[in-house]
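> Next come the chains, spelled out residue by residue.
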Amino acid sequence: MTDQIYEDDFDEIEAHLAGTLKRVTAPSGLFQRLYDRIQIPSRSEIRLRLKDWNRLVFVFGGVISGMLLLITIARALYYMIGRKGVL
Amino acid sequence: MTELDYNEEEILARASKGDRDAFGILYGHYVERIFNYVYYRTGNPHDAEDLTARVFQRAMNHIKNYTDRGVPFSAWLYRIAHNLVANWHRDRSRKQEIPLDDLPVLPTKGDHPERNLVRSQEQDSLLRMIRKLPPERQNLLILKFVENMSNAEIGKIMGRSEGAVKSLYHRTLLALRDQLEDQNLNLEGE
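Heads up: the protein sequence lines correspond to chains A and B, in order.
Residues 423 to 509 (the numbering used here) make up the first sequence, in order.
Residues -7 to 182 (the numbering used here) make up the second sequence, in order.
Because the hints were derived from the structure by calculation, they are not lab data.
Yeah, the Cβ is synthetic: ideal placement off N, Cα and C, and Gly gets one too.
Watch out, some of these pointers could steer you wrong.
Short, incomplete list of chain B residues facing chain A, as computed with Cβ under 8 Å [as the list claims (entries may be wrong)]:
#	residue
1	G16
2	I17
3	F27
4	A45
5	W68
6	I72
7	R169
8	Q171
Residues from chain B shown here face chain A by an in silico Cβ test under 8 Å; the list is partial [unchecked claim]:
#	residue
9	I3
10	Y22
11	E24
12	F65
13	L76
14	W80
15	E114
16	Q115
17	V138
18	L160
19	L165
20	L168
Whenever a hint applies, use it, and build me the whole structure from the sequences.
Here you go:
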């Protein structure tokens, strides 16, 4: 694995590394557990949904604000016309 | 180009269009390798499971951005794993956690099960030494010995040339040998 010049020096340590760093057997059911977990909506999907909720809140807030503005103008006009009638 | 590579290209194309079944195929192909990598970097099967799940979640979320610019998909996955493991070590250093040496050991493949139950003292010492190496050296040893990758393949994952990987490997072996000599460890008697 290394240059020829170093081969003899590192044979032993490479053999021990090969004996120590071996593929491990994953715990049973791990792959299915992980697969099931990955199916859970991802953060970005949740973020997208939240973005939609934000939009909904903005739309709802805009509609309510617009209605309140209209009511306020209507009340102001009614009040002014009503006062003129009194005078 | 082999049949498998060709298929992977197709699968990647489907997965990048949001096809979850295609991503499932990629998951099945790489999950064991990523789990092994994370396990050796953390030394902890529980965290390895959690981090492996996060690697694939992140990969699934960003697969649309993946383009093969000389970096194979496997290298891209390993880079995600490397970043998550780095974050895990950073978070862990801030908290008091169970020492890695007290955590359960997973059996290795190919050996007799009874032999796997107890890791030899020499192997434990060597693993402890490996975990004290800088992260890139740990990566190199894991990819070379656990994944049996060539220097060129490791270079693609680590973003280094083949020669640089060879040189780093040599320096790593020298460092390990010096440490072994310092600790007067006898690696002969297994």
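> Holds or violated: is the Cβ of B/L168 closer than 8 Å to a Cβ in chain A?
Since chain A brings a Cβ to about 6 Å from B/L168, closer than 8 Å, the hint holds.
> Is the interface hint satisfied for B/F65? The criterion is a beta-carbon contact with chain A at less than 8 Å.
violated (16 Å)
> Hint B/I3 vs chain A: min CB-CB distance below 8 Å?
violated (16 Å)
> Next item in the hint list is B/V138. Is there a CB on chain A closer than 8 Å to its CB?
holds (5 Å)
> So, as I understand it, the hint says B/W80 touches chain A; can you test that by seeing if any CB pair is closer than 8 Å?
Check failed: Cβ of B/W80 comes no nearer than 16 Å to chain A, outside 8 Å.
> Closer than 8 Å between Cβ atoms is the bar; does B/I17 clear it against chain A? Give me holds or violated.
violated (11 Å)
> Does B/W68 hold up as a contact with chain A if the rule is Cβ-Cβ below 8 Å?
violated (17 Å)
> Would the hint on B/E114 stand, with a C-beta cut-off of 8 Å toward chain A?
Holds. Min distance 7 Å.
> Does the nearest C-beta of chain A fall within a distance shorter than 8 Å of the C-beta of B/E24?
holds (6 Å)
> For the hint on B/Q171, does the least C-beta distance to chain A fall short of 8 Å?
violated (10 Å)
> Does the nearest C-beta of chain A fall within a distance shorter than 8 Å of the C-beta of B/L76?
violated (14 Å)
> Hey, does the B/I72 contact hint survive, CB to chain A under 8 Å?
violated (13 Å)
The structure does not agree with the numbered hints 2, 5, 6, 8, 9, 10, 12, 13, 14 and 18 stated previously, though it agrees with the rest.
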